[in-house]
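Student: Chain by chain, the residues:
There are 4 protein chains.
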Amino acid sequence: MRLIISGDSHGSAMFGVLEGFPAGFRIDLDRISWDLKRRRSGYGRGRRMRMEADEFEIASGVWKGYTTGAPITVVVKNRAGNPIKEVRSVPRPGHVDYAGWRKYGLPDLNIYVERSSARWTVAFVAVGSLLKQFLETLDVVVYSYVLSIGKITMDENPNLSIDELIKLRDNSPVFCPNERTSDEMVKHIDEAMRRGDTLGGSFKVIAHNIPPGLGGYSNIFEKLDSRIGAVFMAIPSVKGVFIGREDVSIPGREYHDPFFLKDGEIRRKSNNAGGIEGGLTNGEDVEVTVYLKPIPTLGDPLDSVDLSTMEERKAPYVRSDVTVVPSASVVGEMALSLVLAEAVIRRYGEDEYEKILSSVENDKKGRRWKNFDWD
Amino acid sequence: MRLIISGDSHGSAMFGVLEGFPAGFRIDLDRISWDLKRRRSGYGRGRRMRMEADEFEIASGVWKGYTTGAPITVVVKNRAGNPIKEVRSVPRPGHVDYAGWRKYGLPDLNIYVERSSARWTVAFVAVGSLLKQFLETLDVVVYSYVLSIGKITMDENPNLSIDELIKLRDNSPVFCPNERTSDEMVKHIDEAMRRGDTLGGSFKVIAHNIPPGLGGYSNIFEKLDSRIGAVFMAIPSVKGVFIGREDVSIPGREYHDPFFLKDGEIRRKSNNAGGIEGGLTNGEDVEVTVYLKPIPTLGDPLDSVDLSTMEERKAPYVRSDVTVVPSASVVGEMALSLVLAEAVIRRYGEDEYEKILSSVENDKKGRRWKNFDWD
Amino acid sequence: MRLIISGDSHGSAMFGVLEGFPAGFRIDLDRISWDLKRRRSGYGRGRRMRMEADEFEIASGVWKGYTTGAPITVVVKNRAGNPIKEVRSVPRPGHVDYAGWRKYGLPDLNIYVERSSARWTVAFVAVGSLLKQFLETLDVVVYSYVLSIGKITMDENPNLSIDELIKLRDNSPVFCPNERTSDEMVKHIDEAMRRGDTLGGSFKVIAHNIPPGLGGYSNIFEKLDSRIGAVFMAIPSVKGVFIGREDVSIPGREYHDPFFLKDGEIRRKSNNAGGIEGGLTNGEDVEVTVYLKPIPTLGDPLDSVDLSTMEERKAPYVRSDVTVVPSASVVGEMALSLVLAEAVIRRYGEDEYEKILSSVENDKKGRRWKNFDWD
Amino acid sequence: MRLIISGDSHGSAMFGVLEGFPAGFRIDLDRISWDLKRRRSGYGRGRRMRMEADEFEIASGVWKGYTTGAPITVVVKNRAGNPIKEVRSVPRPGHVDYAGWRKYGLPDLNIYVERSSARWTVAFVAVGSLLKQFLETLDVVVYSYVLSIGKITMDENPNLSIDELIKLRDNSPVFCPNERTSDEMVKHIDEAMRRGDTLGGSFKVIAHNIPPGLGGYSNIFEKLDSRIGAVFMAIPSVKGVFIGREDVSIPGREYHDPFFLKDGEIRRKSNNAGGIEGGLTNGEDVEVTVYLKPIPTLGDPLDSVDLSTMEERKAPYVRSDVTVVPSASVVGEMALSLVLAEAVIRRYGEDEYEKILSSVENDKKGRRWKNFDWD
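Chains as they are written, first to last, in the working numbering: chain A, 529 to 903; chain B, 529 to 903; chain C, 529 to 903; chain D, 529 to 903.
Because the hints were derived from the structure by calculation, they are not lab data. Heads up, a few of these hints could be off.
Identical copies go unnamed one by one, so any copy, or any two together, can satisfy a pair.
[Claimed, not checked] Here are the simulated DMTMM-like pairs of lysine to aspartate or glutamate, each with C-alpha atoms no more than 20 angstroms apart in a straight line:
1) LYS893 with GLU882
2) LYS790 with GLU839
3) LYS797 with GLU580
4) LYS695 with ASP718
5) LYS695 with ASP711
6) LYS732 with GLU774
7) LYS797 with GLU840
8) LYS592 with ASP711
Bound-form chain A, shown alone (with noise of 0.2 angstroms):
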């Protein structure tokens, strides 16, 4: 399975392809609407941007409802802008523009953003949630709630269900489930939009009920954790991610999660590990931690320089958020959904999504030691 993602931040619209989904999987397009409704309407963002809802369409792969097997291509239109006229040559601290610019060599900085823009995951938010729909009907539940934002830190409740933790998440502007800090983080962005400036903080993206034995090493790369480093760190903004538990200080003994039985199961008296052991899932959730930079654009610009004249100048001010932690922990579901369900198919094959259920249903019950006749 692969996702190919195209489209220009102004062009018509953002284009994700999925090549290699298995045939005669139900889509529900209400559920991507809701996804992308997501994305869109963190508390931080520009108002406009909060509103409109995401036209789009499942333009191939589909047939009355379920997919072929066939490429999936998702259309995302792009609203109407104003068209970009004026060539730009003062690079914004944080954006792409210098290093586009030094790259390509085109003298327009605007060309850059027009890719590099975060616009891109509309198109992401898109399949991924088809992914995500699909995960769930195997019993997978991806979910993500943000920890922070700026100097504002949720302290976990692991009293929590999942069930309650998505509600409370839901309720909060800021898609964190602790109404109290969530109230905070609301006053903290809101402080920052006075100043002009803009606010980076992380999320968490689990999942949960995942077969083990999923992923592989047989190509050092094939690793989940090499693929989930690879999804997540292409998401713009993220600079840091985390697999199970971030406290690396404690000793071996009280990190790794000893097993033991319980009604004749083979369970785990933690889960440090995030899930994922020499590069494959054990059973246990997933545990993904992320971490982004504040967004670059800024009510009150930072020192540049004109690349035109070479002088100093300051950088453009272009119409932006506050922040953008609340859409990307909505963005990291979908990454977290991309990674498990290519390795799910890979396991299980591409072609019947019949077959990859039943046999997911199978891998659930556990496996059973088995004699081999060694030679």
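Could you slot chains B, C and D onto chain A? The hints should help.
Tutor: Okay, now just chains B, C and D, sitting in the frame of chain A:
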């Protein structure tokens, strides 16, 4: 360019095949030996491991000392060990054992460790050392140092030059360029060894004087962030990767790196971005921080379950190291060298080393804004 | 560089995404329209098909007429057809129908044709035309002509210049540069149409003035032979591909192309190799001959079986063409352009069109043997 | 699944690495030896080559005789030859010599032959033999035979069973299953040897009893036609590849293979498609015909030019074979085995051999049309 690693840890040898490396580059075998020695000699590894030299052969792709464009095959002999005879059915927490069995089903946990063991990094270092040499001839310096082991963390000293830092590091048994911290780390390791415990930690890898405009975003997984995520997260025991400044709680005004002019040249006032903006190098140092869990094999073993009888058992003890953080920092240099060499070759063409050399020199001189006859 | 094609034949549009094409290349949209017109206008296709222009949009990767380095998305609208309502369960010999059902199992054979229909070549031609333009600006001419349709085969005329040949071809309704043979082919097609039959045939594609040393062998599947095999054999109806002289019964003395000097330049006395030796271009014309089976849909249908009842039935009739050989010859130009553009970009770097242009010009001047300080 | 081949022809060994092969398959080393023997023993190759056995080792990915899912590394030792000392500057027509120098520029033509020589096929055959075994345990028989050498062409005998054909072939020094033609071929080779000449020819490779529905079209280069084109055209000296019936001058009515029922099972009246429709296997024999040019090295050398002095010279004589068609037919079996094994693994999942085995058996029983609740 593509690197393939194969070999079983108890097989005759480990193999690295590098495809698509340009012709005409002179290889220094002594430098490869030196990096292999660094990999095996970090304090905290088993004694035997530190002493025996790794024998390696470059079995293809080199003619009278120069690369030829053909795939480069590096063969690193494994030490003759005791062949494993006994079937093992008790998985060790933190290892691939359990997940590997759930994936493949073969009833001997020894099998999965053959691939998943960190032994393969010896071939990775051998090939990576060649790529580091390649970058060095382009005046790019790739170096690493240990930041923390267990509870002991180094304070960074911004006043050290690269040469001073590397010298201090090379004098430290744990590759930490602060003499006092280094001593504390050694003690911390000694204590852990006495307890039969293991330690994780962190290291930093830096690429200095890298040309701007490397990397890509045509495919979103060509972004250097994504490539760094993919390659570093494939290293055994790595749980977290950060590019640039880790404190994302500071606001955008402080995070982003303003431009200014110095003697007519474009400079940055800081490097919080860690040398990468929009997925591309921006000419500043590429800085990656890497977190490793404590290695799983413990002198005082953890709780487990015998999979063949489904009874609770202690995990077996396997001779092991206390910490691999210093060794892993050497592997990290190779990871960054791989990512950057790949980007260099994509930008400058894959065939002739000499052309790459002159193109890089030309690019480092800077770029001038040129007028363009837009339609 | 990588080309991804998606879209269903009865969906809203066909899509082509080209990743990794360099920035700064000026696209001529009229040339793309011209190639799309050639694709649909070969004699032997349904009348309606020949008349309606293909509407296309370059939806990303271009800024004010120039490529930007971002992925290029080409969208070609499908004509509004009658939506398919009836489930079909009788497979047509020669089509994907039966094999598609055995693979995916969805009980409607219409599904499999959506992807497998040759409609996707419209997007392939649109993107390929851009790559052909790119090669033309490097003074490489890629052209094709029809060699045979059914029983009618052209005698090649070695005395024609490229310009004369292309002019003759463009005046032929079947793209055959021999006026008399062209007339016979038209009659042969008319007769087949009357019988409700279909015709296969063959065409040749040539790349003239290509620089030597393109292609690779570091990975064996990078050899240009392998790439040509992969891309041409993906074209619908293609059953055979040949590079260079097809008569392999002649001995080596006659087959291999001797070198000689002409005005101090290296020349070949013949070009039986078809421009490729050892997987690389040798500077002579790259020549590929391609064989197509008759298209499968027939006015007078073949025997089949109803898969839902397991009773023998006639295959359904679907409106169709008599022959696609002329159209396929246009697709073949794009196949060779894709293979060669890819090789150009790997050799000269993927970022800047202008650098590629000057490097190719330099390479065409020849190479001088230089002394080397071997170890 | 992916195969990587490396090694220089005068290096210590040739290497094949196979990634992504399932675990639990029992390897028969004698079968690999047998295929290696067949590769080197075809009549028309140098005497020394035919006698010495190829020593090989499976250096990873196998545990007590069974595959483990880890990459399989096969090492085939090269014979100690005379090391090449003299720089060579006169290119041989038909070889990589000239094109390699134009690509890489290193001033010794010996360099380019190290990779481009057909020696690498020894590693390809070793790994491919394993894949052929894998298919055989799924009841798929992959076999080849020589059709023509130089001017001598065999008449196909449709009345032979597979067993009879293979027996006749194995008794023929040129692997041609027609005794009289075989004798003529031997004489033809002897004559060519006396003249210092070389011969090309053709062979056929067939996969019998392959399950239908293998291959793909989600990516157009996943079509089996494309994969067959890619892999066969990578074999040294191959200039042409055909799938199914080569005479495309017959009309569609005769070309396409009608369905009929026999004892309630779906059958085809012919197999002109060569077992592939729409890029997928249709359950009939996959048939590939392959054309090879005469090998280039000649006892009576061709005209050339000394690149270091730019003077006309005779190409150097290098000890050589007369024809490699019989040997190449063995390589062709491995090419088809690679393509089909890859398709099997993508369809049935990459992890467990036993699951693949039972899934294939199930698929061969046929598929039933099932009702579906379309939206």
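Student: Against each hint, give a clear statement of whether it holds in the structure.
Tutor: To see whether the hints hold, each was checked on the structure:
Taking the shortest alpha-carbon separations for LYS893 and GLU882, both the intra-copy value of 17 angstroms and the inter-copy value of 18 angstroms come in at or below 20 angstroms. In the homo-oligomer, the alpha carbons of LYS790 and GLU839 lie at most 20 angstroms apart only across protomers (11 angstroms), although the nearest pairing inside one protomer, at 70 angstroms, exceeds that limit. Taking the shortest alpha-carbon separations for LYS797 and GLU580, neither the intra-copy value of 46 angstroms nor the inter-copy value of 39 angstroms comes in at or below 20 angstroms. Within a single copy, LYS695 and ASP718 get their C-alpha atoms no closer than 24 angstroms, and across copies no closer than 48 angstroms, so neither meets the 20 angstroms cut-off.
In the homo-oligomer, the alpha carbons of LYS695 and ASP711 lie at most 20 angstroms apart inside one protomer (16 angstroms), although the nearest pairing across protomers, at 50 angstroms, exceeds that limit. In this homomeric assembly, LYS732 and GLU774 come within 20 angstroms of each other (Cα to Cα) both inside a single copy, at 12 angstroms, and across copies, at 16 angstroms. In this assembly of identical chains, the alpha carbons of LYS797 and GLU840 lie at most 20 angstroms apart only when taken from different copies (13 angstroms versus 58 angstroms within one copy). In the homo-oligomer, the alpha carbons of LYS592 and ASP711 never lie at most 20 angstroms apart, since the shortest distance is 44 angstroms inside one protomer and 46 angstroms across protomers.
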